[in-house]
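Colleague: Given next are the chains, with one letter for each unit.
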Amino acid sequence: MSIVTVQLGQCGNQIGHEVFSALCSDIRGTHGLCSKTENESYQDACKERFFSEEESGVPAARAVLVDMEPKVISQTLSMAARSGHWKYNSHSHFCQKQGSGNNWANGYCVHGPRHKEAIMDLVQKEAEKCERLGGFFTIMSMAGGTGSGLGAFVTQCLRDAFPTSFLLNHVIWPYGTGEVIVQNYNSVLTLSHLYHSSDALLVHENDVIHKICAQLMNIKQISFRDVNQVIAHQLGSVFQPTHTAGGGSGYSRNPLGDLLEPLVPHPEFRLLGLRNIPQMAESSLAFSTFSWPGLLKHLRQILIANAHMEEGIDWQVRPPQPGSSMPSTNKPLHFNTSIANLVILRGKDVHSVDLGSFQDPSLYTSWLNPQDAFNAWKTPRAFNKYEKSAALVSNSQFLLKPLDSIVGKAWNMFASKAYLHQYTKFGIQEEDFLDCFTTLEQVISSYTNL
Amino acid sequence: AVSLPFAVGQCGNQVGCRFWDLALREHAAVNKKGIYDEALSSFFRNVDTRSGDNGPDIYKGKICSLKARALLIDMEEGVVNEILQGPLRDVFDSKQLITDVSGSGNNWAVGHKIYGCQYQENIVEKLRKAAEHCDCLQCFFIIHSMGGGTGSGLGTFVLNLLEEEFPEVYRFVTSVYPSGEDDVITSPYNSVLAMKELNEHADCVLPIENESLFEIVNKIHQMINSGKLGSTVKQNSLVTSSTGSGKTLQEKPFDAMNNIVANLLLNLTSSARFEGSLNMDLNEISMNLVPFPRLHYLVSSLTPLYTLADVNIPSRRLDQMFSDAFSRDHQLIRADPKHSLYLACALLVRGNVQVSDLRRNIERLKPSLHFVSWNQEGWKTGLCSVPPVGHSHSLLALANNTCVKPTFIELKDRFMKLYKKKAHLHHYLQIDGMEQSCFSEAISSLSDLIEEYNELDATKGGPRIDPSRLKIAV
Numbered sequence: 001m002s003i004v005t006v007q008l009g010q011c012g013n014q015i016g017h018e019v020f021s022a023l024c025s026d027i028r029g030t031h032g033l034c035s036k037t038e039n040e041s042y043q044d045a046c047k048e049r050f051f052s053e054e055e056s057g058v059p060a061a062r063a064v065l066v067d068m069e070p071k072v073i074s075q076t077l078s079m080a081a082r083s084g085h086w087k088y089n090s091h092s093h094f095c096q097k098q099g100s101g102n103n104w105a106n107g108y109c110v111h112g113p114r115h116k117e118a119i120m121d122l123v124q125k126e127a128e129k130c131e132r133l134g135g136f137f138t139i140m141s142m143a144g145g146t147g148s149g150l151g152a153f154v155t156q157c158l159r160d161a162f163p164t165s166f167l168l169n170h171v172i173w174p175y176g177t178g179e180v181i182v183q184n185y186n187s188v189l190t191l192s193h194l195y196h197s198s199d200a201l202l203v204h205e206n207d208v209i210h211k212i213c214a215q216l217m218n219i220k221q222i223s224f225r226d227v228n229q230v231i232a233h234q235l236g237s238v239f240q241p242t243h244t245a246g247g248g249s250g251y252s253r254n255p256l257g258d259l260l261e262p263l264v265p266h267p268e269f270r271l272l273g274l275r276n277i278p279q280m281a282e283s284s285l286a287f288s289t290f291s292w293p294g295l296l297k298h299l300r301q302i303l304i305a306n307a308h309m310e311e312g313i314d315w316q317v318r319p320p321q322p323g324s325s326m327p328s329t330n331k332p333l334h335f336n337t338s339i340a341n342l343v344i345l346r347g348k349d350v351h352s353v354d355l356g357s358f359q360d361p362s363l364y365t366s367w368l369n370p371q372d373a374f375n376a377w378k379t380p381r382a383f384n385k386y387e388k389s390a391a392l393v394s395n396s397q398f399l400l401k402p403l404d405s406i407v408g409k410a411w412n413m414f415a416s417k418a419y420l421h422q423y424t425k426f427g428i429q430e431e432d433f434l435d436c437f438t439t440l441e442q443v444i445s446s447y448t449n450l
Numbered sequence: 001a002v003s004l005p006f007a008v009g010q011c012g013n014q015v016g017c018r019f020w021d022l023a024l025r026e027h028a029a030v031n032k033k034g035i036y037d038e039a040l041s042s043f044f045r046n047v048d049t050r051s052g053d054n055g056p057d058i059y060k061g062k063i064c065s066l067k068a069r070a071l072l073i074d075m076e077e078g079v080v081n082e083i084l085q086g087p088l089r090d091v092f093d094s095k096q097l098i099t100d101v102s103g104s105g106n107n108w109a110v111g112h113k114i115y116g117c118q119y120q121e122n123i124v125e126k127l128r129k130a131a132e133h134c135d136c137l138q139c140f141f142i143i144h145s146m147g148g149g150t151g152s153g154l155g156t157f158v159l160n161l162l163e164e165e166f167p168e169v170y171r172f173v174t175s176v177y178p179s180g181e182d183d184v185i186t187s188p189y190n191s192v193l194a195m196k197e198l199n200e201h202a203d204c205v206l207p208i209e210n211e212s213l214f215e216i217v218n219k220i221h222q223m224i225n226s227g228k229l230g231s232t233v234k235q236n237s238l239v240t241s242s243t244g245s246g247k248t249l250q251e252k253p254f255d256a257m258n259n260i261v262a263n264l265l266l267n268l269t270s271s272a273r274f275e276g277s278l279n280m281d282l283n284e285i286s287m288n289l290v291p292f293p294r295l296h297y298l299v300s301s302l303t304p305l306y307t308l309a310d311v312n313i314p315s316r317r318l319d320q321m322f323s324d325a326f327s328r329d330h331q332l333i334r335a336d337p338k339h340s341l342y343l344a345c346a347l348l349v350r351g352n353v354q355v356s357d358l359r360r361n362i363e364r365l366k367p368s369l370h371f372v373s374w375n376q377e378g379w380k381t382g383l384c385s386v387p388p389v390g391h392s393h394s395l396l397a398l399a400n401n402t403c404v405k406p407t408f409i410e411l412k413d414r415f416m417k418l419y420k421k422k423a424h425l426h427h428y429l430q431i432d433g434m435e436q437s438c439f440s441e442a443i444s445s446l447s448d449l450i451e452e453y454n455e456l457d458a459t460k461g462g463p464r465i466d467p468s469r470l471k472i473a474v
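Protein sequence lines correspond, in order, to chains A and B.
Okay, so the first sequence: first residue is 1 according to full-length UniProt numbering, each after it adds one.
Okay, so the second sequence: first residue is 1 according to full-length UniProt numbering, each after it adds one.
What the hints contain is simulated information worked out from the structure, not anything from laboratory work.
A few of these clues could be false.
[Claimed, not checked] Covered by chain B, per the in silico footprint, the following chain A stretches (three or more residues, Cβ under 8 Å): (1) 68-79; (2) 129-142; (3) 173-181; (4) 193-201; (5) 288-296.
No residue lacks a Cβ here, since even glycine has one placed at the ideal position from N, Cα and C.
Work out the full structure: start from the sequences and follow the hints.
Modeller: The following block contains the structure:
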């Protein structure tokens with residue numbers, strides 16, 4: 001099954017490019033560490049999922065690029081073409097000239113309706129190229145105006161036009177100390193709207209990835225390109241082909257469905273966090289060896305203690321004692337309660353890995369059987385030069401604090417009425433803001449009371 | 001996206017002239033292949049002049065003849081004529097000029113009421129023509145001074161017109177404010193009358209003071225002549241230098257100061273013209289820096305002022321550049337933002353600077369700055385890959401800060417000194433359309449603005465009480 005990606009705004013397009021780059025580089029790599037047939041299966045599955053064949057022989061990404069100003073798309077298209085190994089379809093992009101001015105209302109109320117037809121037309125064309133459409137993956141930031149506002153509008157259109165398809169939004173949360181002054185308003189508006197039309201939100205926070213770049217990758221002068229490449233690696237580690245548990249011998253044919261159905265059992269809980277281990281500078285890779293028990297021990301503690309990476313984990317945090325009925329307020333501090341988790345293992349000796357520690361009922365709410373709350377995908381094919389790597393996609397309290405912080409700051413600004421005239425000018429009124437705050441306070445409350 | 005600058009009056013046109021000169025230099029440095037590209041199109045049309053000046057626009061391909069997207073308006077001919085006889089003569093054509101002969105006599109009312117009325121149709125027609133040539137018009141820039149008659153009066157008349165004719169296009173105004181020792185006695189009248197228009201019709205105003213520009217020019221002269229640098233300064237890197245001038249002495253007295261303002265405009269629009277990892281368009285500047293419609297006065301600082309030519313001397317540490325942007329030596333108006341309240345702040349960085357450099361410096365500088373309680377993380381940032389000519393990196397800081405209040409209070413005081421005695425009032429009131437109420441409304445508008453800043457200042461340093469969040473029924 002194929003996934004159609006929609007890249008929205010500067011962030012969405014910059015990241016999208018790094019993702020397809022990473023996927024392509026991975027399948028062309030010779031570090032698969034597996035049998036030739038396995039490798040070929042993997043390559044074919046990846047190509048079917050993310051690329052379409054063109055007459056030129058150069059695979060074209062199954063993607064639609066959307067932006068309200070031309071510079072980024074123009075750069076993105078030419079960078080891809082220069083790689084020689086993949087490209088974007090020369091028609092699958094839509095852009096305008098004036099931008100959205102970091103104004104969610106402008107993106108949603110003005111650009112959205114104005115350009116809906118043209119954009120959905122491109123999406124339809126890409127969808128038709130898929131023999132079997134597995135769903136949509138949108139990439140956007142929520143701080144600006146296009147990715148956030150137009151992105152929310154396009155998501156709604158996708159939902160309306162493809163009501164039975166899976167729809168996963170990849171959302172970038174901005175640096176806390178500001179890239180855009182009205183980022184918290186734009187974020188509140190985006191998240192609340194996506195909650196109503198998307199299946200799930202897969203989140204990356206710039207602050208977290210920045211730390212990974214600084215502490216794990218040892219990059220001195222971190223650029224957005226560095227940040228985007230880490231994000232692309234993490235996404236690749238989730239979306240490159242794997243065998244699902246009951247999937248027989250072939251690679252999974254329904255990646256989005258396999259991800260979303262177990263991870264989002266309840267519509268109130270749609271926020272997914274992503275963790276990846278190990279993560280290091282390529283130059284260090286050759287000198288490092290890892291064991292599965294070591295990797296999984298760290299990954300489990302990252303989950304439980306709500307850590308961002310394998311350094312600085314708080315090992316004191318423990319799950320609550322089993323058997324005792326604990327009201328959520330008495331749960332051990334800082335313990336991250338999960339609704340559902342997915343672990344993806346790639347590389348050497350995956351078949352022998354014991355994942356029992358992730359099925360511990362004390363990690364989860366009581367709604368699902370632990371067997372249903374936890375899922376695992378595996379492939380012996382190593383990813384992106386890591387001999388062994390593990391990814392975790394988690395529906396848990398990972399994003400509770402950051403979400404609460406964003407809503408708090410937005411509310412603080414809203415109370416002073418600052419910047420509201422910029423939004424009302426384009427059609428978003430105070431009542432619309434209030435509705436969005438209400439939606440998100442509800443989400444915060446739900447996740448708090450797990 | 002296209003920007004259309006209007007230069008109105010003597011000061012406006014002198015600055016404008018510097019601007020076009022430096023814009024051409026900047027694009028020539030970047031555009032090696034002579035192809036007319038998206039970046040060039042934001043300020044220049046590409047015209048096929050082989051069969052004369054009225055040739056068609058060429059949208060792609062090789063550069064034929066670049067014409068500035070501009071309107072030059074002056075009620076005296078001196079400055080505009082000089083431009084048309086100088087090296088920039090081919091960059092403008094007669095369709096972009098509106099001139100008269102007698103000037104406005106340093107009288108806002110003459111500029112606004114008499115010439116405004118007289119030239120309204122002409123201006124609108126030329127404006128529409130200029131806009132027709134634009135693929136997507138995003139922003140108007142008005143460059144003028146506040147203290148005289150044409151720039152101040154006709155300039156603000158044009159501002160009104162722009163709002164009427166093109167309500168969706170942003171209006172940025174670069175205004176040179178008069179000093180206390182200004183030799184135009186009625187400059188307080190002209191400025192306050194103009195302020196009312198700026199309050200009501202501008203999206204963003206960048207106030208400039210000649211003293212600040214003068215001090216920057218002096219500082220540079222001192223540095224060069226003191227021999228402290230131990231090495232030559234790259235001539236073309238001086239924020240005060242003109243194109244191709246191998247000498248530090250300027251030909252015309254205000255050139256050095258005007259070049260600073262021209263550089264301000266180039267830096268302001270750089271991220272809209274050139275690529276970068278975090279683009280910042282002009283509409284984003286307006287969106288992020290104007291929390292309430294009338295509070296749209298932005299203090300600008302530019303850094304660095306020069307770069308050393310000797311490559312063996314390490315370039316000034318990046319962090320020093322950020323510190324300088326918050327030093328009063330680099331501001332284009334005299335004000336004290338560090339001791340006042342920030343409503344919002346934007347940092348537009350050019351050159352080889354990455355997001356980690358930005359973050360590190362924001363973290364470092366934040367503790368010494370006071371931000372309003374509802375905007376504690378009020379930073380808007382942009383990263384443009386292309387540095388200005390002669391530099392490896394540069395920074396433009398724009399602050400919406402209550403420190404502009406003293407400037408406005410001073411202006412109000414100077415106005416009142418004259419107004420109480422009714423000095424020179426008759427020169428204004430005798431103009432058709434001018435009444436006493438124009439004055440009282442103008443000073444009232446200014447007072448209201450000052451009061452808005454007062455209210456915000458009152459919140460500074462007070463206890464921080466965050467409003468309680470919405471309660472959700474569980």
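Colleague: Decide, hint by hint, whether the structure agrees.
Modeller: Results of checking the hints against the structure:
no. : hint    : verdict
1   : 68-79   : holds (count 6)
2   : 129-142 : violated (count 0)
3   : 173-181 : holds (count 7)
4   : 193-201 : violated (count 0)
5   : 288-296 : violated (count 0)
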